[in-house]
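Trainee: Using the sequences and the hints, build the whole thing.
Chains as they are written, first to last, in our numbering: chain U, 494 to 817; chain V, 494 to 817; chain C, 494 to 817; chain P, 494 to 817.
No false leads were mixed into what you were given.
Distance condition first, Cα-Cα at most 25 Å in a straight line; then the derived DSS-like pairs of lysine-lysine:
id : chain 1 : residue 1 : chain 2 : residue 2
1  : C       : 713       : P       : 701
2  : P       : 779       : V       : 701
3  : V       : 772       : P       : 788
4  : U       : 708       : U       : 779
Please keep in mind that the hints were generated in silico from the structure rather than gathered at the bench.
The chain contents come next:
4 protein chains.
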Amino acid sequence: MARGFRKKIQQKNTENSGFGSNLSGRFINKDGLPNVNRKGVNIFNRYSWYHTMLDLSTFNFLSYLVVAYILVNLFFALIYYLIGVEHLTGIDKSNPVNEFIDVFFFSSQTFTTVGYGRIAPVGFMASLVATFEAFLGLLTFAIATGLFYGRFSRPRAYLKFSDVAVVAPFKETSALMFRLAPYKNNALTDADVVITTAIEVMENSSPKINFYQLKTQLSKINTLALNWTIVHEIDEESPFYGFSEDDFKNTGIEIIVHIRAFDEVFSNTVVQRTSYVTKEIVYGAKFIPMYYPDKDNLSTVLNLDKISDYQKAELPVFMEEEEE
Amino acid sequence: MARGFRKKIQQKNTENSGFGSNLSGRFINKDGLPNVNRKGVNIFNRYSWYHTMLDLSTFNFLSYLVVAYILVNLFFALIYYLIGVEHLTGIDKSNPVNEFIDVFFFSSQTFTTVGYGRIAPVGFMASLVATFEAFLGLLTFAIATGLFYGRFSRPRAYLKFSDVAVVAPFKETSALMFRLAPYKNNALTDADVVITTAIEVMENSSPKINFYQLKTQLSKINTLALNWTIVHEIDEESPFYGFSEDDFKNTGIEIIVHIRAFDEVFSNTVVQRTSYVTKEIVYGAKFIPMYYPDKDNLSTVLNLDKISDYQKAELPVFMEEEEE
Amino acid sequence: MARGFRKKIQQKNTENSGFGSNLSGRFINKDGLPNVNRKGVNIFNRYSWYHTMLDLSTFNFLSYLVVAYILVNLFFALIYYLIGVEHLTGIDKSNPVNEFIDVFFFSSQTFTTVGYGRIAPVGFMASLVATFEAFLGLLTFAIATGLFYGRFSRPRAYLKFSDVAVVAPFKETSALMFRLAPYKNNALTDADVVITTAIEVMENSSPKINFYQLKTQLSKINTLALNWTIVHEIDEESPFYGFSEDDFKNTGIEIIVHIRAFDEVFSNTVVQRTSYVTKEIVYGAKFIPMYYPDKDNLSTVLNLDKISDYQKAELPVFMEEEEE
Amino acid sequence: MARGFRKKIQQKNTENSGFGSNLSGRFINKDGLPNVNRKGVNIFNRYSWYHTMLDLSTFNFLSYLVVAYILVNLFFALIYYLIGVEHLTGIDKSNPVNEFIDVFFFSSQTFTTVGYGRIAPVGFMASLVATFEAFLGLLTFAIATGLFYGRFSRPRAYLKFSDVAVVAPFKETSALMFRLAPYKNNALTDADVVITTAIEVMENSSPKINFYQLKTQLSKINTLALNWTIVHEIDEESPFYGFSEDDFKNTGIEIIVHIRAFDEVFSNTVVQRTSYVTKEIVYGAKFIPMYYPDKDNLSTVLNLDKISDYQKAELPVFMEEEEE
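Mentor: Right under this line is the structure:
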């Protein structure tokens, strides 16, 4: 009976997780961001537009740029049209639609500063607007330059995690394991891991969430070139000590993983977070090796597709009775 | 009687605050910058123009750019005008004003490199000036690009602090508390806080300022996703031990707060400072919770408008007599 | 007899090298990158194109840019040609080749936004394509700006290592030594070194690789201005204790070097790695000094060409028998 | 008698200064760079051109840009001239000088992409060269953008040091002191200082340089807002213990100072180095205070012109005889 059991956890819960102890879903989303909604600040202050632009996918980012480019040109085309096409040379005045098309192209030639001159401003107002449109264009591309650089120079760990954590046989007992590997041509060194687990417990017959730091066999590694299997032995000091398969299935568990490493190309510290919740923990399984020598025996091959591959593995039976 | 009392502080004052002990207003302004004026270096050396440009508000920054753009074009327009409009093609020579307007627009078309060519230089001098104006234009936009990038990639903590610190009931005694929360979509981890307090004391009957490091219940936190209430228990080791409500109101106190955290998007350490002075400390109050589960119980909502909300709270009476 | 001997290593092997213990060539290539091939992720996800662009040589990088520029213009020239040269003014229509040449140049004038206007779009389709080509051109140069900056602002240690490590006489015993020096006008301080060695041993009559941390005489240095000779004394705690010349020649050894320093110009930590394998270790040799006072005795001259220069040196005979 | 005296230094000399112990002038120049010349690597590899461009003064940097701009345009003008001015429209063909002037301006209009079009390429060769000149122009400005950004975003401490160090009365003995202050509107926190001194000593009657770490009263400071006087007490553990005025004047001494702090605007660690040699040490002097409250007593004024101001101060006589 799970609820009763969980009261037995002996490890002192940690106080500095930064999360509250009330129950409202996952703490850390799979992508590593906290599962928190902010309100009460107006929308402009609640978002860092730069953080937002950096988090967009490449496709979305480029789409926004193209849409913004079209909208800006439509806006300026309208202004030139309202000023009057007679303030521009070279406009096709055969009908209003052609006029608008030509001022639109004039606008784009001004905004990008290509300025062929086939269409050129002659009147004061059109010249003045063009003066500012070209200026705005250059500032916009100055900002775009910064955004592009910010996006691709943003230090990232590029770590792939196994989809699940397993409870595998380990020495004479068992251990909670998951693994990760760098999947890009970046060079990571001095990696370390911090694992915090949130476990739902009954305290004075009301549910509450406690946080525990999980010890690992190896919490630092010199070079993160191959995969790294992180092993938390379920010994007497573990909050999972004595957990049966049912306990793992029925208890609200979240394992919050925080990896930090040094990227030698960026010369910067990079971090990545993820979490495993109850349904992502497989009891009685072990991972299948994912690297092997190449056929000439001159180098090591790391097969990243195998990162989540595991096989069934018998766990030693925990002698619960003995303690009583 | 406050002055007398303050002499009783037992904690050793810290020497490495970096501030002098003479009395000249607040040490740290509310925005976190030291309250110091520099003189004696000439104005060009006293300011880092880059630090200055980064500290400008967005509105001021853009305004400066626009004004500079207009001034540069007026300057070059004047030069082209003095060289003579006959060195340019396509100028409207109907009257001097139109001439000047046209050279102004020619200047802007050169500076932004839009170069329609309707107005173009033909003479040697006008061509030479245009050659350098276009060059200057590109360098200017190169600098602007750097400034934009510097401005929005500048690592910042985006922390909102409560307007006041409170002296609230805590365990059997009381504690000085204030709170903070990140208000943007940035992801902060590994936050730590250092609190130094400056207290005005009488030493050999002349006023002097002593500095004390304040201990906190929790000086590090793993994830700064929700709000963080920083708690300094007023126990026997606190410099505020034995302070009555009157003492808090009549003593010159400044609580200097220094937060440091790791921003996972920038992969950089970010810091933020603030300070609370005597009039920003509320005696006998406690903060009202500011986060709660959302209605589906799947996520946590953090209401940032409530960050400074507190309610009255009775404090235990300090038994001053007992010590004697 | 080497194989037997190597079993005697007393030092505990380190577990956190991050490398596996199977045998598949060098662990770290001479240039510092791990000798690992990744597979199983598709090619777009397996490479960080930004890391790749930063690792290209200057010549390759510029070549790629030029080739890309030509290809983009050929692509757009084809589109303009298919749209029809009658949508452009100023085209030399004497024959199809000249037409294509002219649309190619029109494309380049649009992509770079130079836009002379001698050739200019008049039709809707040509104008529309030109609108996007100019936009694409500016974005491309925005990206190029970021790549250039990323390339030359990338923090690097610029350390030159001696080609070989030597086993030299040291105090009464011997020591493994290699040396390094900064070869550019960068200013490095607070350097430290970590040396891990991989040694092939026989365990239960099957070959296996063990990792050992090598102690050095001096693992930190304040200023890295001259050369730095790193000295690992082969004393009883060294895994090489008792190695004869033959042992050094016949054992699979890899000495993995990891240097970390602070670059004062970039204000950033820089790292560099290299490794020495069996054939790069010279037994019975010592380095020749590589710096000396200049002729006015006012400054020190560091001759970087001498970094790998060594001379023969007699080593004390190791009394293997004594231990038995 | 100085030489003899210096042999008495009891402190163990530090080995990890990174400098050799031969005598060849100052180790660290006043501007903080090591006094070392490198040779033996070819000139292209010996300099990091990026470090060099960042170290240029603003005037030199801009001058180089202008000169490069002129040279590039002369180069391309020559090419266009050799191709033949008949491949360009709008050239003033009255005489060869005017032709060259016009191709020069055409070149500049292409390089900056201003492209008025008054002069435009018509022939194949001229168009082809213009195609690459415009491309080169954009890449050049991409690089210039990076250099500008690199230059002004380069983290620097902006510390002003006193011109001299003084040996001043301190407690019952004396102390070596110098001071520093930030002179710009940057915000430095968490500053720390490391002082190494090089002292010329006689060892076995040949001169040699020993290095000693100097202890300071306060080696860390929280906020570097005012000036910071660094105090090395000359007590029994100091290498200067027992030095007379003559010893200070006749011994080869170099005090190497290394300051490290955190800049809150750049969110980066900044460092600055300097050194004081024998002739920059004033015996029997103390610094004059350089900050005071402003007239409204609301803020502190720091007068940076006073940083090197000192006055004579009597030192306690050292009782050398007592030791014998």
